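Line by line, the protein sequences are chains L and G. Numbering-wise, this note's numbering puts 132 at position 132 of the first sequence, and it's gapless, one number per residue. Residues are numbered in this note's numbering as their position in the second sequence, beginning at 1, plus a constant of 1000.
Treat the hints loosely; a few may be bogus.
For lysine-lysine, the following DSSO-like pairs were computed, each having C-alpha atoms within a straight-line distance of at most 30 Å [to be verified]:
#1 G/K1096 to G/K1307
#2 G/K1212 to G/K1199
#3 G/K1096 to L/K146
#4 G/K1301 to G/K1061
#5 G/K1096 to L/K46
#6 L/K146 to G/K1061
#7 L/K146 to G/K1301
#8 G/K1289 to G/K1096
#9 G/K1212 to G/K1047
#10 G/K1379 to L/K46
#11 G/K1096 to G/K1061
#12 G/K1301 to G/K1096
#13 G/K1212 to G/K1379
#14 G/K1379 to G/K1047
#15 G/K1289 to G/K1185
These are calculated hints, taken from the structure and not from any lab test. Note that the structure is a prediction, hence the values are computed from the model and not measured.
The lines below spell out each chain.
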Amino acid sequence: MSAFAEALDALAAASGGAVRRLEDLRGEHAFSAQPEAGRDFLARLKDHPELRCDFLAVLTAVDNHLAEPRFEVVYIVRSLSANVDVRVNVPLPGEAPELATVTDLWPAADWMEREVYDMFGVRFAGHPNLTRILMWEGFEGHPLRKDYPLLGNSPGTPGHLGKGGKR
Amino acid sequence: MSTQIDIVLDRPEQPSEHQILNMGPQHPSTHGVLRIVLELDGEIIVKATPVVGYLHRAMEKIAESMTFHMFLPYTDRLDYLAPLANNVALSCAQEKLLGVTIPPRAQGIRVLCCELSRISAHLLGLGAFAMDVGAMTVFLWCFRERETIYDLIEHISGARFTTSYTRVGGLANDLPEGWIADLRKFLDTFPARLDEIEKMLSRNRIWVDRTKDIGVITRDEAIAWGLSGPNLRASGVEWDLRTRRPYLGYEQYDFDVPVGSVGDCFDRFLCRVEEMRQSRRIMLQAIEKLPGGPVNVQDPKISLPPKSVVLKGMEELIHQFILITEGQDAPSGECYFAAENPKGELGFYFRSRGGGYPDRMFIRAPSFINLQILPLILKGRFISDVVAILGSIDFVMGECDR
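All chains, please: the whole structure from these sequences, using the hints.
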C-alpha cells in the first residue's frame, strides 16, 4: 500500500469511526463521512502535509429516493502534487438536508454548492450567497430530485401554457 | 410567478455614486448568454456579478432516463466548439464504468479527434478574443483554418458540428479513405498560418497593451478556484491530464505542456497558441503510429454488431435489440473520469445501480468552474478590460449551463 493510502487511512481512523473507507468499483480512494465529520475530514485532507488535497474537482449530490439517508453529497478532492483523487461521500437525511460549507477551504465550491442547493435543495450553512444558479429565483422545486416530475411544465416557466396546457 | 426576476442584483441600500451596468445576456463579447452585472465607479468596476443559467437544458436529468448511447448526441451540445472531444470524454467515462478497454486503432483515432478539436476550439477562442479587443483580421484568418478542420470533421462523422462520432467501446466507423492524407495536408500548411496569426498579435502594441498584466490570476488563486486547462497552466501550474493521467495512450506521444509565468490575458493567449503547435505534434505522431485492426471492442454485449450481419444472423439481431432497448449492463458503483478538453477538465461522474441507465450523471463542466473567478479578476479593472478578460478565459455557455 502506498504512503498516500496509509496517510489517508490514518486520517480516517483518527475521526473515531465517523469516516470509513468505501469499496470502490475502480479501486480509487473513496470514503464515507458522517455529516458532522465531513467538513473536518475535508479540511484535514487539504491541510495534511503529505496529502495536500488543494484542488476541489467535483462537488455534487446524488438522490437515493425512497432510501434513507436520502441524499449524498459527493466531493472529489485532488492532490496535485501526488496526482491522486480522493472521493468523500457524505450521506444526508431527506428531511431538511443541511451541511457545512467548504467555500472557505476551496473558493471553487461556491458555484458548485449553489448548484447542489438549486438542483437538490441541500442547504450549505455558512455559504456567502446561497441562491439558485441554473434555475431562476422564484422557481419552485429542485429538478434533480428523483420525485421531480419529468413531464409537464410548472407554473412560472417561461412559455408555460396555463390551464389545459400540455401535461 | 411569485417572485419577480431581479433586474439588478444587490442594489445598494444607500444611494451611492455607483452605477449599475447590465452586460449581457445578449452582449456580443459574452460569447453566448452570459450576463454580468457590473457595479461601476466611473469607468472602474467595483463589483462584478456573473449570472449564468440562461442556456440550462437539464442535461444531467435527461441522462438519467437514457442509455449510454442515447446520451451521446447531447455531448455535442456541451462545448459546441469541440464536439468530438466531448464525445471522446463521455465514451471514455462510460468505458471506465463498464470496465472496457478499446482497441489501439480506436484510441489512435480518438487522439486525432481530440487534438483536431483542440486546434479548432483554440482557434475560435483566439479569433473571438482578438475580435473583442479590435483585431478583426485575426478572426477571419482563424475561421479560414477552422473551415478546413470542419471539412475534415464532416468527412469522418458526416456532420460539421453535431458529430456523435464515438460509441461505447469504439467509434461509429473507421476513417474514410484518403482522410489521413487530407489531415496531413492541413498539418503541413497549418504552422505557417499559425505563425502568421501569432506574429500579428504577439508584437502588436495595441494587443500587448490590452492583454499584458490584465486579469492576472496567481498560481494559488488558480488552484483554489478550481481552474483547469490553459487557464490553470497560464498561471504557472503544470497540470495536464494527458501527461499526468494518460488516457487513450497519450503516454506514447512526445509533446510539451506550455506553462505561463504571470497568469495574465497575454499568457493565456500564448499558452493556447503553443498548445495548438503541440496538438499538431501529437497528431503527426499519432498518424505515424496509427495501428490497423478493428475500431470497436469485439464484445457483443458492448459494441453494436455491423448492420449487414444484423439483417442475416439471429444472434446479432438479438444483441442489437438488447443493446438498443436496454443498453450496456453497467456494474453497480461509482466512477469519475476526466479528460483534458480544450476548455479544461471535462469530467463525468457516474453513479450506477446496475443496468443500462445511470442513476446519476454529473458533468464537471470546465467553463462553469472557470467562470467563478470573474468577480475576483474583474474587480478594480476598467470596463474595456472586461471583454479582454472574458475572451482570455475562453468559455462556452452551452457547457457552462448544461
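Going through the hints against the structure:
As the CA atoms of G/K1096 and G/K1307 are separated by approximately 26 Å, the hinted pair is consistent with the 30 Å bound. Between G/K1212 and G/K1199 the CA atoms are separated by roughly 16 Å; this keeps the pair inside 30 Å, and the hint holds. The hinted pair formed by G/K1096 and L/K146 meets the criterion: a straight-line CA distance of about 25 Å does not exceed 30 Å. A distance of roughly 26 Å separates the Cα atoms of G/K1301 and G/K1061; the hinted pair therefore holds under the 30 Å criterion.
Distance hint between G/K1096 and L/K46 is fulfilled; the C-alpha atoms sit about 27 Å from each other, no more than 30 Å. In summary, the hint linking L/K146 to G/K1061 is supported, as the alpha carbons are separated by about 9 Å, within the 30 Å threshold. Restraint check for L/K146 and G/K1301: the C-alpha separation of about 29 Å stays at or below 30 Å, so the hint holds. Taking the CA atoms of G/K1289 and G/K1096, the gap is near 24 Å; set against the 30 Å cutoff, the hint holds.
Pair hint G/K1212 plus G/K1047 holds up; C-alpha atoms about 22 Å apart against a cutoff of 30 Å. This hinted pair checks out: G/K1379 and L/K46 have alpha carbons roughly 28 Å apart, not beyond 30 Å. With a C-alpha separation of about 21 Å, the suggested pairing of G/K1096 with G/K1061 holds against the 30 Å cut-off. A hinted pair counts as satisfied when its Cα atoms are at most 30 Å apart, and G/K1301 with G/K1096 qualifies at roughly 15 Å.
The hinted pair formed by G/K1212 and G/K1379 meets the criterion: a straight-line CA distance of about 17 Å does not exceed 30 Å. Of the pairs offered as hints, the one joining G/K1379 and G/K1047 holds, with about 6 Å between alpha carbons and a cut-off of 30 Å not exceeded. About 18 Å separates the Cα atoms of G/K1289 and G/K1185, which keeps this hinted pair within 30 Å; it holds.
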